[in-house]
Amino acid sequence: MAEVKEKREQITVLFAGDSGDGMQLTGNQFTSTHALFGNDISTFPNFPAEIRAPQGTVNGVSGFQVKFGSSRIFTPGDAADVLVAMNAAALKANMHKLKKGGILIANTAGFDSKNLKLANCEDENPLESERLEDVMVYDVDITELTMAALEDSPLTKKEKLRTKNMFVLGFLFWMFNRSLESTENYIKEKFSKLPDVIDANVSVLKAGYNFGETSEAFTSRYQVEPASLEPGTYRSVMGNQGVAIGLIAAAKKAGLEMFYGSYPITPASDILHELAKHKNFSVRTFQAEDEIAAVTSAIGASFGGALGVTASSGPGIALKTEAIGLAIMLELPLVVVNVQRGGPSTGLPTKTEQADLLQAVYGRNGEAPIPVVAARSPEEAFEATYEAVRISVEHMTPVMLLSDGYIANGASPWKFPEASSLKPIKPLYAEKTEEEYMPYARDEKLVRKWAIPGTEGLEHRIGGLEKEELTGNVSYDPDNHEKMVKLRAEKIDKIADYIPEQEIDNGSDSGKVLILSWGSTYGAVKTAVEDLLKDDYDVGHAHLRYLNPMPRNLGEVLTKFDKVLVPEMNDGQLIHIIQSKYNKRCIPLNKIKGIPFTSAEIVESVKENYA
Amino acid sequence: MSEVKEKKYKAKDFASDQEIRWCPGCGDYAILKQVQSAVAQTGKPKEEIVFISGIGCSSRFPYYMDTYGMHSIHGRATAIASGLKTARPDLSVWIITGDGDSLSIGGNHLIHLLRRNIDTNILLFNNEIYGLTKGQYSPTTPEGSHTKSSPMGVIDHPFNPISLALGADAGFIARTVDREPRHMKDIFLQADEHKGASFVEIYQNCPVFNDGAFNAYTDRGLKDENTLFIEAGKPMTFHKDKKGIVLDGLKPKVVDLTSDEYSVDDCLVHDPSDRTVAYILSQFFDNDKSADLPRVFGVIYSENRPTYEDQLSNQVELAIEEKGEGDLDALIAGPNTWYHQ
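Residue numbers (the working numbering), protein chains in the order written: chain A, 1 to 611; chain B, 612 to 952.
Don't take every hint at face value.
[Claimed, not checked] For lysine-lysine, the following DSSO-like pairs were computed, each having C-alpha atoms within a straight-line distance of at most 30 Å:
no., chain 1, residue 1, chain 2, residue 2
1, B, K657, A, K432
2, A, K432, B, K644
3, A, K432, B, K619
4, A, K432, B, K618
5, B, K657, A, K449
6, B, K655, A, K432
7, A, K563, A, K584
8, B, K806, A, K277
9, B, K657, A, K426
10, B, K621, A, K432
11, B, K934, A, K426
12, B, K806, A, K190
13, B, K623, A, K432
14, A, K415, A, K7
15, B, K934, A, K423
16, A, K607, A, K97
17, B, K934, A, K277
18, A, K193, B, K934
19, B, K623, A, K449
20, B, K644, B, K619
21, B, K759, B, K796
22, A, K426, A, K486
23, B, K862, B, K644
24, A, K449, B, K618
25, A, K188, B, K934
26, A, K415, B, K934
[Unchecked claim] Where chain B lies over chain A, by a calculated footprint (3+ residues, C-beta under 8 Å):
no., region
27, 221-233
28, 303-312
[To be verified] Label pairs and their in silico Cβ distance ranges:
no., chain 1, residue 1, chain 2, residue 2, range
29, A, K193, B, E936, 26 to 36 Å
30, A, K423, B, P792, 49 to 59 Å
31, B, N925, A, E9, 23 to 33 Å
32, A, S420, B, N925, 29 to 39 Å
33, A, K483, B, R886, 53 to 63 Å
34, B, N925, A, E434, 40 to 50 Å
35, A, E466, B, N925, 39 to 49 Å
36, A, E466, B, Q747, 20 to 30 Å
Keep in mind that the hints were calculated from the coordinates and are not lab data.
Computed from a predicted structure; not experimentally measured.
All C-beta atoms in this analysis are idealised placements derived from N, C-alpha and C, irrespective of residue type, glycine included.
Extracted from the complex, chain A is given alone in its bound form:
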């Protein structure tokens, strides 16, 4: 059969189906295979909050977008080259995300009258939409072909139907010329006790591949070469995984046992799941009765000399705030991870947002500053987490680590470090000396020493009441209170001396427009800046990891640009802090839709503000 192999630098595929159709698994397997092949890759799972939303409806559509390529990839793509739609609702919800000239693979069984009705498309079948005029549409009866491939299988009809996502996967592996091996191994491991299920899934996977091979309908196959990533050993990592591994690594490097107190919440729970698997690192996970117990148990553990960690998302963080204030008074290490989601209140549990920055920096009673560190991507989550732990332990303070739903569930290749190359983390322990022990004596960094129960002669009492300087005894003295408030603030400010200076990520270090970003907007801005630089725009990009305290030289960086554009997935929070701190008017770019920026949106805003 004649076939054309078209070379492509980057491809974006969007899998869309019912939330029970296995689109997340399909997307993850597709991702692993391409990562192993050597492509750079970025993913964006987008699913409903309901575990099984009403079948066949638009509300129940689950999507998984993945971009892979032979060049560097920083976002899961603005629009899709290939859309897989398992039913009418999936197409209706995602049609607009397909590029002109793109490919639609539609499971015709999902477009029968029942499905059209469920998707509220009785009047117009989305397959016949005008919007698909510039699109190559492949109608494939995936359901029928799956059943045919399993004619001899002893599985029930329902079980057979459940394998149809493997058909899609096999077919796409054919389309992109990829091996089935990694997925076959995955299936064999996952269903190791169910040989019939293994056989069925592998048969359907192969059937999908062979369908591409034998069906005359498809002539185009694509060739995406491995990416020119930095040489080295890579793995694929998801954001929550990166956080979990970062916590374990940092605890180990600090010589501390980790205690993780957590209450289940979307999208942070995967950190708990990951950590619970690694008890052989002496990780103690504690599924607490509520968010308050999660953080306070971690504080108790830190008092006992462990690394206390807790994680949650916005609503849970709100519940933890009083306890974070206690940790500020106690001056003990505590890492609080906030995997942000759309708010306020319960908000959009499965959607992403960056609207908890002001909560992180300011959201406590009293004068209660804490360091805030933000991760920017799945592959950087490890390093950001490691830094959060380092600051917390070496500066004896609670630290807030911000991630978000986009980072948490996204995946990308990660050139991981060797353990021996990680910065040492040195806890400052109190020791018994001739002199009387002073729990609140400080070193040059204004950090007090950690006295661990069990150490003879260092018995002491601490608490949430204001401390007398040095002794730590309860004090209501007015001058002492003012002094302690200032000392605690200065201690946090001084951390700026122990973090790197702000660097320019890309572009010029002075000129017309600086894009100042933080958190998961990194990828979209990075891609946008690359495009703008190609078109000779005078732009620079600075990305903040340290949000409190900010790098020492940030003010200077800002003065070197005529304009500063601050893109955020909120209604303008970083911009508040920057403007009040540095007296520099900035241009806000806000998106509050529960979905990440596209790079095109950033490019457009720069162009608008360029003149």
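We have chain A already, so just place chain B on it with the hints.
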């Protein structure tokens, strides 16, 4: 596990240098003294003892103990202690809390600590009032009480703390009272001896906002007929053995032992391991006013079951046995890696 180091202490070795700031006549003084005496008697090294409190008058307690301690935030002592004991099973952890702290704002953490059976000693100072905030009713204030926040009488139905602990499957449940120093100390020692969560309710008089709340159990003229001090293996008699408790089916009743109708041999014998008996004793409470039953003091229930922290430590050991001590490089690399030229 750390080796057992026993030291010789006197009660005063546990007094800190801080000036005690409870109101004159507060029941807390007597409790502090007996706790100091009890921990001295255990011989545990003071550096391995931690007192954690929440907020309230009683929660000042850790400042007065020369051990490690934390005066934390309202209601959370139990949760903080849960984390501490889980991370450091080798420490002896005491929780100091009050009726508002542990049964109102911290009610959730208390019941979860009890069900998990974390080996801590919980001393609940029950004065049936909010003292530190100056006299509002608490979750144990009897219905109808007139307080600052209930000028027309309390309409909240109160908790029966012993029933609550029993309902949460606490492994050790006892009640004592601030006016019985020897009994208190004995209960504290038994609580400390018990492996698992030990729940001790202490009736504590607040002379300022709720004076005399427990007069019926402490006044010389009243206490004999109103209190039943129970001991394992002993028949339940009180009022100088003039009265006893017998079971009429499952219903307890007070009988006159001076008449010919009943003798000591008819009386219920206390068995702290018997849950049914514990349940019956927990019901000797104000809720059933018609029964005229005495208030019970002593160890009401005691059972041994595995502690949370031991089971978690076992899982950690098992994980190390099965997978080997964590290899950081292997963890960071994960199961699938590839090399990029």
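Margin query: Could you work out which of the previously given hints the structure breaks and list their numbers from low to high?
Written below: 12, 21, 23 and 31
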